[in-house]
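These protein sequence lines map, in sequence, to chains A and B.
Using our numbering, the final residue of the first sequence is 248, and nothing's skipped along the way.
Using our numbering, the final residue of the second sequence is 314, and nothing's skipped along the way.
These are computed hints drawn from the structure, not numbers from a lab.
Check the hints yourself; a few may be wrong.
Stated by the list, open to error - Derived PhoX-like pairs (lysine-lysine); straight-line CA-CA distance at most 20 Å:
1) B:Lys30 with B:Lys126
2) A:Lys52 with A:Lys195
3) B:Lys14 with B:Lys274
4) A:Lys20 with A:Lys225
5) A:Lys228 with B:Lys274
6) A:Lys228 with B:Lys284
7) B:Lys189 with B:Lys14
8) B:Lys126 with A:Lys216
9) B:Lys3 with B:Lys81
10) A:Lys197 with A:Lys187
11) A:Lys197 with A:Lys2
12) A:Lys245 with B:Lys274
13) B:Lys223 with B:Lys304
14) B:Lys126 with B:Lys186
15) A:Lys225 with B:Lys126
16) B:Lys223 with A:Lys243
17) A:Lys233 with B:Lys304
18) A:Lys225 with B:Lys274
19) A:Lys20 with B:Lys126
20) A:Lys245 with B:Lys223
21) A:Lys245 with A:Lys233
22) B:Lys126 with B:Lys274
23) A:Lys145 with B:Lys186
24) A:Lys2 with A:Lys152
25) A:Lys233 with B:Lys284
26) B:Lys304 with B:Lys219
27) B:Lys52 with B:Lys30
As the list claims (entries may be wrong) - Derived DEER-like restraints, expressed as beta-carbon distance ranges:
28) B:Lys211 with A:Met231: 26 to 34 Å
29) B:Lys223 with A:Arg82: 53 to 61 Å
30) B:Lys30 with A:Glu90: 30 to 38 Å
31) B:Glu215 with A:Pro65: 50 to 58 Å
32) B:Pro17 with A:Lys228: 29 to 37 Å
Only a predicted model underlies this, so the values are computations on that prediction, with no experimental measurement involved.
Built from N, CA and C at the ideal position, the CB exists for glycine as well.
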Amino acid sequence: MKILVGYKRVVDYNVRIQVKPDGTGVVTDGVKLSANPFDDIALEEALRLREKGTAEEVVVVGIGPADLTAHLRNGLAMGANRAIHVVTPEVIQPLTAARVFLKLVEREQPGLVILGKQAIDDDANQTGQMLAALWDRPQATFASKIDIAYGKVTVTREVDAGLEIIEAELPAVITSDLRLNEPRFIKLPDIMKAKSKPIDTIEFASLGVDAHDQLKTTHYTAPAKRSKGVMVKDAAELIATLKQKGLL
Amino acid sequence: MSKILVIAEHLDGKLNPSTARAVSAAAAIKPVVIDVLVLSDQVDAIAAEAGKIEGVSRVLTIARPENAHLLAAVLAPQIAKAAAGYSHVFTPSTTFGKDVAPRVAALLGVAQVSDVMSVDGPHTFKRPIYAGNAIITVEADPAHAVVATIRTASWPAAASGTNNAPVDALALDVALPTHTRFIELKQGKSDRPDLQSADKVVSGGRGVGSKENFEIVYKFADKIGAAVGASRAAVDAGYVPNELQVGQTGKIIAPELYIAIGISGAIQHLTGIKDAGTIVAINKDAEAPIFEVADIGLVGDLFKIIPDLESALG
Numbered sequence: 001m002k003i004l005v006g007y008k009r010v011v012d013y014n015v016r017i018q019v020k021p022d023g024t025g026v027v028t029d030g031v032k033l034s035a036n037p038f039d040d041i042a043l044e045e046a047l048r049l050r051e052k053g054t055a056e057e058v059v060v061v062g063i064g065p066a067d068l069t070a071h072l073r074n075g076l077a078m079g080a081n082r083a084i085h086v087v088t089p090e091v092i093q094p095l096t097a098a099r100v101f102l103k104l105v106e107r108e109q110p111g112l113v114i115l116g117k118q119a120i121d122d123d124a125n126q127t128g129q130m131l132a133a134l135w136d137r138p139q140a141t142f143a144s145k146i147d148i149a150y151g152k153v154t155v156t157r158e159v160d161a162g163l164e165i166i167e168a169e170l171p172a173v174i175t176s177d178l179r180l181n182e183p184r185f186i187k188l189p190d191i192m193k194a195k196s197k198p199i200d201t202i203e204f205a206s207l208g209v210d211a212h213d214q215l216k217t218t219h220y221t222a223p224a225k226r227s228k229g230v231m232v233k234d235a236a237e238l239i240a241t242l243k244q245k246g247l248l
Numbered sequence: 001m002s003k004i005l006v007i008a009e010h011l012d013g014k015l016n017p018s019t020a021r022a023v024s025a026a027a028a029i030k031p032v033v034i035d036v037l038v039l040s041d042q043v044d045a046i047a048a049e050a051g052k053i054e055g056v057s058r059v060l061t062i063a064r065p066e067n068a069h070l071l072a073a074v075l076a077p078q079i080a081k082a083a084a085g086y087s088h089v090f091t092p093s094t095t096f097g098k099d100v101a102p103r104v105a106a107l108l109g110v111a112q113v114s115d116v117m118s119v120d121g122p123h124t125f126k127r128p129i130y131a132g133n134a135i136i137t138v139e140a141d142p143a144h145a146v147v148a149t150i151r152t153a154s155w156p157a158a159a160s161g162t163n164n165a166p167v168d169a170l171a172l173d174v175a176l177p178t179h180t181r182f183i184e185l186k187q188g189k190s191d192r193p194d195l196q197s198a199d200k201v202v203s204g205g206r207g208v209g210s211k212e213n214f215e216i217v218y219k220f221a222d223k224i225g226a227a228v229g230a231s232r233a234a235v236d237a238g239y240v241p242n243e244l245q246v247g248q249t250g251k252i253i254a255p256e257l258y259i260a261i262g263i264s265g266a267i268q269h270l271t272g273i274k275d276a277g278t279i280v281a282i283n284k285d286a287e288a289p290i291f292e293v294a295d296i297g298l299v300g301d302l303f304k305i306i307p308d309l310e311s312a313l314g
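Isolated chain B, as found in the complex:
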């Protein structure tokens, strides 16, 4: 009889889609309860969104000014206390979840299962190791609560809109540390779709050649309504900001369509895209490893091909 607590991720008053993906993983356990916990200074809008996710039993909220920014040291003692009575605590395996979940696990004195790809049973999970080059089946001790992070690329977002789960404020008596303070978040503001959750992603690599040249990648992405990503090489070369990085050390994504332009396909990049529906590779080097994983390949000069693609689109 599993009872699962899913920790909501949010930013600027909006629920992050990764939360609904974690709810999908929770539903796979067939629990009796899936509650979503929202910690923020302003919980109402986020809680309302969370309550619409299919499968959610109840939304719990902790509204405190200290929760204005998602600092792991501040959130973890609250989550650990709220976790009492639950068999599982799930967070998405985003930088938010990776930061806070182990801190919760340690406070509870339990091990953590990172990056859950599939659920074989209430205490049996599959997860990747060695950058996805091996998949292990892990059994957690049923005597303890399971703290797990959910690999978002492996799970669809649970449907939203039909549910109307009740929202309850939690009053917890927890002393919070003041030793860690939020200063600033530097975001690349963009009107484009969010890279992590977009259906279509166009990524550029070192082959794009410069920051200025990257404009053609942006332009093409805008034409087909895609998010923009990049390889580590392109980020390290300074063509684009780091939050666009796709790969083992950047974002692991699973769009329906992934178009890799001028990306050779280093293993760490391939790890980040291997759950994509259709991978298209455009590269001038026919021997590039990206073609090994591509569903559709096109060899040629990207500076000629991209304008051709745009005109073919009409």
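So that you can see chain A by itself, here it is in the shape it has in the complex:
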């Protein structure tokens, strides 16, 4: 079985996000970029399935500008067999991303697609579900455990009410949640090995995907700040304050 893994590059999760004063975006110049943490988890899971013998090949997919190659090399260093780079200078929205993945699914015929449940930049949480709909295949979102046997995948999903277990026929789309696994660290020899692994580049325009954006972002603002609170000296004062406010 072949597994396709979405591997998006985003502003590193440790970066303190600053909205530009003119409201046209967030500051990204000189800011550290890394793999979307949920995508690292998705890739780790795919690699473990390959190590178990469930899958033979793991392919990482990136959509973005020419310099995305270095980021895809990280995915190869982590252990993916090869990468596909869909080249576009534009920032694409989830529906367009799902349509790109559908084209790649048609070419690659994977048994499983694993994507992060959301990217930590736009926080959309859509692409996996949209791909599953367009592909007319099962989806298992927010996965914290995956078992594959006899052409079926059993997935434990983190839902608001607790843990939901569903079973789906393959091929299917799974989106990873935080507790699915802990991604491995990349070792130096793996970085060397990754240099010789193949990256296929595909021009976005050649895929024939409708790229019309239906959503326009017109303005960015910083979130409202909470005003500084008061300190109380002990439990009695805390209870008195809460009672005064009518909260207890």
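On the provided structure of chain A, position chain B as indicated by the hints.
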């Protein structure tokens, strides 16, 4: 002239309060119609509850045995078909809505607006990105239906009780996939208030120290009638089950009172509570980031403070 279809979330035959919050967001558009769609195997009790929500024009039901569990792959084709004639389809931005809404959007060939915080117009919305560290204003193309998930913490539940909207069964000819099956839902059964909708929440963090120690958090919460939550650190350490997690990757909540005990206040936790009315922080480290957002702070040993709180309550 907006017509809005709100998809009802429910579990065990009961309507989830997140549905009434999505109705509030729909009402903000000032539409001519707000219909609520109930998909279940047993729709009657849920539909009756939905019909009482203020502002609801009509409740539509699709009762099929396949709808016994809310599987996105099964529900989405039915919702997409029922959406014909509506300008907007809203779901709450809970794990239910996040799972199903994009599948509906893709079937309709439209983009989705996730986590709507406020409505500036029928096609203009505000939503958070970067874990709430930036808020964007998004304009959707009026040529298409808008599929959106509603950030429940940003919207009050629409009032319930006065309305008596008619209930109509929808007969849709939709073939449903059989490739996805529900096996089991493991729920932490609890008599405590529901974390997502409670007025008061008491959360514990790594500072609580162990599963056994968490009992004092439960006990205090019970004393004031609060739901219990936890930080990701406490969940990862195995003190409590994952459904108690509050934060960007857990539940985003907006109780009137939030009491954080032994929680340092990682950014991802703060994202989940910043719409709370009053935040109280109890932590032994006076430098903990939780105090930056707390309305009331108390520095000290939680194992001494909690018993003191209980005795102060009398």
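So, going through the hints one by one against the coordinates:
1. Restraint check: the Cα-Cα separation between lysine 30 of chain B and lysine 126 of chain B comes to about 17 Å, which is no more than 20 Å; the hinted pair holds.
2. Only pairs whose Cα atoms come within 20 Å are accepted, and lysine 52 of chain A paired with lysine 195 of chain A is rejected, the gap being roughly 25 Å.
3. Between lysine 14 of chain B and lysine 274 of chain B the alpha-carbon distance is near 28 Å, which puts this suggested pair outside the 20 Å criterion.
4. Distance hint between lysine 20 of chain A and lysine 225 of chain A is fulfilled; the C-alpha atoms sit about 16 Å from each other, no more than 20 Å.
5. Distance restraint check for lysine 228 of chain A and lysine 274 of chain B: the Cα-Cα separation of roughly 13 Å lies within the 20 Å cut-off, and the hinted pair is therefore satisfied.
6. For a cut-off of 20 Å, the pair hint linking lysine 228 of chain A to lysine 284 of chain B stands: about 19 Å separates their Cα positions.
7. Taken as a hint, the lysine 189 of chain B and lysine 14 of chain B pair is honoured in the structure, with Cα atoms around 15 Å apart against an allowance of 20 Å.
8. For the proposed pair lysine 126 of chain B and lysine 216 of chain A, the alpha carbon gap of about 12 Å is at most 20 Å, so the pair holds.
9. For the given pair, lysine 3 of chain B sits about 15 Å from lysine 81 of chain B by alpha-carbon distance, which is consistent with the 20 Å threshold.
10. For a cut-off of 20 Å, the pair hint linking lysine 197 of chain A to lysine 187 of chain A stands: about 16 Å separates their Cα positions.
11. Annotation: proposed proximity of lysine 197 of chain A to lysine 2 of chain A holds, straight-line Cα distance about 16 Å (limit 20 Å).
12. Between lysine 245 of chain A and lysine 274 of chain B the alpha-carbon distance is near 19 Å, which keeps this suggested pair within the 20 Å criterion.
13. Between the alpha carbons of lysine 223 of chain B and lysine 304 of chain B the distance comes to roughly 16 Å, so the proposed pair stays at or under 20 Å and holds.
14. Between lysine 126 of chain B and lysine 186 of chain B, the direct Cα distance comes to roughly 34 Å. Violation of the 20 Å bound is thereby established for this hinted pair.
15. For a cut-off of 20 Å, the pair hint linking lysine 225 of chain A to lysine 126 of chain B stands: about 16 Å separates their Cα positions.
16. Under the criterion of a C-alpha separation no larger than 20 Å, the hint pairing lysine 223 of chain B with lysine 243 of chain A is consistent with the structure, at around 14 Å.
17. Of the supplied pair hints, the one linking lysine 233 of chain A and lysine 304 of chain B holds, its CA atoms being roughly 13 Å apart against a limit of 20 Å.
18. Of the supplied pair hints, the one linking lysine 225 of chain A and lysine 274 of chain B holds, its CA atoms being roughly 9 Å apart against a limit of 20 Å.
19. Between lysine 20 of chain A and lysine 126 of chain B the alpha-carbon distance is near 17 Å, which keeps this suggested pair within the 20 Å criterion.
20. About 18 Å separates the Cα atoms of lysine 245 of chain A and lysine 223 of chain B, which keeps this hinted pair within 20 Å; it holds.
21. Between the alpha carbons of lysine 245 of chain A and lysine 233 of chain A the distance comes to roughly 17 Å, so the proposed pair stays at or under 20 Å and holds.
22. For the hint linking lysine 126 of chain B to lysine 274 of chain B, the alpha-carbon distance of about 16 Å falls within 20 Å, and the restraint holds.
23. Taking the CA atoms of lysine 145 of chain A and lysine 186 of chain B, the gap is near 14 Å; set against the 20 Å cutoff, the hint holds.
24. The suggested pairing of lysine 2 of chain A with lysine 152 of chain A holds, with an alpha-carbon distance near 14 Å, which does not exceed 20 Å.
25. Restraint check: the Cα-Cα separation between lysine 233 of chain A and lysine 284 of chain B comes to about 12 Å, which is no more than 20 Å; the hinted pair holds.
26. Taking the CA atoms of lysine 304 of chain B and lysine 219 of chain B, the gap is about 14 Å. The hint holds against a cut of 20 Å.
27. Note on lysine 52 of chain B and lysine 30 of chain B: the hinted pairing holds, with a Cα-Cα distance of about 19 Å set against a maximum of 20 Å.
28. For lysine 211 of chain B and methionine 231 of chain A, the hinted distance range of 26 to 34 Å is satisfied, since their beta carbons lie about 30 Å from each other.
29. Here the CB-CB span from lysine 223 of chain B to arginine 82 of chain A is close to 59 Å, well matched to the stated 53 to 61 Å.
30. Our hint of 30 to 38 Å for lysine 30 of chain B and glutamate 90 of chain A holds, since their Cβ atoms are close to 35 Å apart.
31. Take glutamate 215 of chain B and proline 65 of chain A: their Cβ atoms lie about 53 Å apart, and the range 50 to 58 Å holds.
32. The hinted window of 29 to 37 Å between proline 17 of chain B and lysine 228 of chain A holds, with their beta carbons roughly 32 Å apart.
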